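The chain contents come next:
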Amino acid sequence: MSFAQAIGDWQALVVLFVAGVVPNQIWRMLGLWFGGGIDEGSELLVWVRAVATAILAGVIAQIVVEPPGALASVPDVLRYGAAAAGLVAFLLARRSIFAGVVTGEVFMLAGKWWLG
Amino acid sequence: MALPPLDSPQWNSPWLAFGWGLRSITQTILTIVLFVTYLGIGALAHDTHFSLLWALCSTLFVWAGPAQIILITTLGSGATIIQSAIAVTVSAIRLFPMVVSVLPLMRTPTTKRRELVFAAHLTAVTLWVECHRFLPLVPRERRIAFVHGLGCGLVSVCLVANTVGYFLAANLTQTLGAAILLLTPLSFLFSTARNSREVADVVALVLGIFLYPLAAKMSSGVDILVSGVVAGTIAYGVHWWREVRA
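In order, the protein sequence lines correspond to chains A and B.
Under the numbering used here, think of the first position of the first sequence as 1, with each following residue one higher.
Under the numbering used here, think of the first position of the second sequence as 1, with each following residue one higher.
Just so you know, the hints here were simulated from the structure itself, not pulled from any lab data.
One should not assume that every hint holds.
[Stated by the list, open to error] Okay, the calculated bits of chain A under chain B, using three or more residues with CB under 8 angstroms as the criterion:
hint	segment
1	3 to 12
2	18 to 26
3	44 to 56
4	84 to 90
5	104 to 113
[As the list claims (entries may be wrong)] On the chain A side, residues computed to face chain B include the following (Cβ under 10 angstroms):
hint	residue
6	15
7	29
8	30
9	31
10	69
11	73
12	74
13	77
Given the structure is predicted, the values throughout are model-derived calculations rather than measurements.
We treat Cβ as the ideally placed atom computed from N, Cα and C, and that holds for glycine.
Work out the full structure, taking the sequences as your base and the hints as a guide.
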């Protein structure tokens, strides 16, 4: 990788600022500004949190269903199987993130090796 | 490592407090979870053709894993800037209640708002969780410095992880590259599941996963938003229905 590739183009950094930095900092600064008056348990915030969780869930699904880059070389059944195996381990190990991640990875790698 | 008692001279200067905050990153399993997550984000940035500088800037200036994943995934799959910005804005709303609830832990009667700007920037789910754990052990007038140290430590770990993940994705065999990329959905799936305390959170997570492939069939360009708003609203409905019956 060359130096120029590591830096990339400035347009991409502008996109990062507009679509990434501003949308996040707005909420943090609003929180700083209007801190006192908001009830954390208000109904609006419950809905907002549910939608935010569901958007993140959609992105998780997108990476598994329409995988980017090298992950596309892994057959469907192994990607779905890895997520399912990880979930079982996560639940059995009393909600251990680590057990889930390690089991999912081992499932995928073992499957790749077994399928050749 | 245990933090010194509240009346110890170890808390006499803000710099010492910054140092204790920095060292506290070794006291939490979440540091490893963050490392793994940001390893995945670095690899994802590489495989969706973003530069290393871009990935590092996103960690420094966005500093919210889910937002970074949404940004990289949507832009990488051809969404417009506006579509990505909307998805990221909605995902970032959860920072608002976090900032609202965490800043009062650091405030003293004389604290000025501008002294809290950097702490507000550092606020994301990991720091929020750790503040509730560590800050009761820190003298109130040193808490801002402590949080600055803790936050800077976590950001540094993630910048290293990004760089390592980026180079691994560039140089590893296809299978190991795939394994690094798989870290992202797995770590987010299980950390979100772990943070889901209420029924609405669980329903939103499960429905959000299964509705996305359906929404994607419409190819509207805003698939993530469609499935997110529908699944989230149904989850809220379940929450509301349980409240009414209770």
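Checked hints:
1. 3 to 12: With 6 residues close enough to chain B, the hint holds.
2. 18 to 26: holds (count 9)
3. 44 to 56: holds (count 12)
4. 84 to 90: holds (count 3)
5. 104 to 113: holds (count 5)
6. 15: Where the cut-off is 10 angstroms and the nearest Cβ of chain B is about 6 angstroms from residue 15(A), the hint holds.
7. 29: Status holds, d = 7 angstroms.
8. 30: At 6 angstroms from the nearest chain B Cβ, residue 30(A) passes the 10 angstroms test, so the hint holds.
9. 31: 3 angstroms, holds
10. 69: 3 angstroms, holds
11. 73: Since the shortest Cβ distance to chain B is 5 angstroms, the answer is holds.
12. 74: It holds, given that the least Cβ distance between residue 74(A) and chain B is near 5 angstroms, below 10 angstroms.
13. 77: Result: violated, 14 angstroms to nearest chain B Cβ.
Hint compliance for this structure: hint 13 alone is broken.
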